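K.L.:
Given the coordinates of chain A, assemble chain B onto it according to the supplied hints.
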Amino acid sequence: AQSVTQLGSHVSVSEGALVLLRCNYSSSVPPYLFWYVQYPNQGLQLLLKYTTGATLVKGINGFEAEFKKSETSFHLTKPSAHMSDAAEYFCAVSLYLSGNTPLVFGKGTRLSVIA
Amino acid sequence: DAGVIQSPRHEVTEMGQEVTLRCKPISGHDYLFWYRQTMMRGLELLIYFNNNVPIDDSGMPEDRFSAKMPNASFSTLKIQPSEPRDSAVYFCASINGLAYNEQFFGPGTRLTVL
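Taken in sequence, the protein lines are chains A and B.
Quick note on our numbering: the first sequence kicks off at 187 and runs consecutively.
Quick note on our numbering: the second sequence kicks off at 31 and runs consecutively.
Calculated from the structure, these hints are not laboratory results.
Just so we're clear, the structure is a prediction, and the values are computed from it rather than from any experiment.
Treat the hints with care, since some could be wrong.
[Unchecked claim] Just the calculated beta-carbon pair ranges, DEER-fashion:
| # | chain 1 | residue 1 | chain 2 | residue 2 | range |
| --- | --- | --- | --- | --- | --- |
| 1 | A | His268 | B | Arg140 | 20 to 30 Å |
| 2 | A | Pro226 | B | Ser103 | 27 to 37 Å |
| 3 | B | Arg71 | A | Tyr225 | 14 to 24 Å |
| 4 | A | Leu206 | B | Asn101 | 39 to 49 Å |
| 5 | A | Thr241 | B | Gln110 | 39 to 49 Å |
| 6 | A | Gly248 | B | Gln47 | 44 to 54 Å |
| 7 | A | Ser189 | B | Pro91 | 12 to 22 Å |
| 8 | A | Thr241 | B | Asn126 | 17 to 27 Å |
| 9 | A | Ser266 | B | Met45 | 43 to 53 Å |
| 10 | A | Leu206 | B | Ile85 | 34 to 44 Å |
[To be verified] Lysine-lysine pairs mimicking DSBU-like chemistry, simulated, CA-CA at most 30 Å apart:
| # | chain 1 | residue 1 | chain 2 | residue 2 |
| --- | --- | --- | --- | --- |
| 11 | A | Lys293 | B | Lys108 |
| 12 | B | Lys54 | B | Lys108 |
| 13 | B | Lys54 | A | Lys235 |
Glycine included, C-beta positions come from ideal geometry on N, C-alpha and C.
Same shape as in the complex, but just chain A:
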């Protein structure tokens, strides 16, 4: 069965600093990987996804993530944090493209941005 581990339940960065949110997955077959963001009192919104092809994936709001099979990782980065990036971030894994298998989510990482 697949699983996701997000290292660090809370990350705090200064405005303008690099954002790095860590995600490691476990999967017996090639995974499909996702990052979602949740703003206060809202549902989850897709940031980016990796299915096949290029291992560096670019998403919305300047975020990107790199799939590293050898490290079973899919870390999320952004070169320069903005106050509006403060939110909860979830990494998720799925086996299939078609939705036959639902997403398995990590516990989430809360990102705080300090002015």
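P.N.:
Then chain B, alone, in the frame of chain A:
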């Protein structure tokens, strides 16, 4: 498109009462998922439907929970009787089955059972 619609947004009830949460998926989406989010357990899948048929309900915590999808545009999650430990945010999500599993989430229903 209005997105996934959930109602009510907030629900406060007393232990033992019946609670019904509602979800309207995005038109044309053929999968619907119900999740529960708590601080302790994170985001848990409760049940999901494909073309209105329940596919996997192994995440439903116990018999007090039930879910239905009478048609492609409406689903309910019912808790009867409710207990304080059911307090959580309940999310509904839907996808087009061909869309690389990009789930669209509703805003959630915050349930408080006193």
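K.L.:
Now, for every hint given, state plainly whether the structure supports it.
P.N.:
Consistency of the hints with the structure:
In this structure, His268 of chain A and Arg140 of chain B meet the distance hint of 20 to 30 Å, their C-beta atoms being roughly 27 Å apart. Restraint check, Pro226 of chain A to Ser103 of chain B: a C-beta distance of roughly 29 Å satisfies the suggested window 27 to 37 Å. The hinted window of 14 to 24 Å between Arg71 of chain B and Tyr225 of chain A holds, with their beta carbons roughly 21 Å apart. The beta-carbon spacing between Leu206 of chain A and Asn101 of chain B, approximately 45 Å, falls within the hinted interval of 39 to 49 Å.
Distance hint check for Thr241 of chain A and Gln110 of chain B: the Cβ-Cβ separation is about 48 Å, which falls inside the suggested range of 39 to 49 Å. Look at Gly248 of chain A against Gln47 of chain B: about 46 Å separates their beta carbons, and that is inside 44 to 54 Å. Against the hinted window of 12 to 22 Å, the Cβ-Cβ separation of Ser189 of chain A and Pro91 of chain B comes to about 20 Å, which satisfies the hint. For the pair Thr241 of chain A and Asn126 of chain B, the beta carbons lie near 25 Å from each other, so the given range of 17 to 27 Å is met.
Here the CB-CB span from Ser266 of chain A to Met45 of chain B is close to 48 Å, well matched to the stated 43 to 53 Å. The hint said 34 to 44 Å for the Cβ distance between Leu206 of chain A and Ile85 of chain B, and at roughly 36 Å that hint holds. About 25 Å separates the Cα atoms of Lys293 of chain A and Lys108 of chain B, which keeps this hinted pair within 30 Å; it holds. Under the criterion of a C-alpha separation no larger than 30 Å, the hint pairing Lys54 of chain B with Lys108 of chain B is consistent with the structure, at around 15 Å.
With a C-alpha separation of about 25 Å, the suggested pairing of Lys54 of chain B with Lys235 of chain A holds against the 30 Å cut-off.
Violated hints: none; the structure is consistent with every hint.
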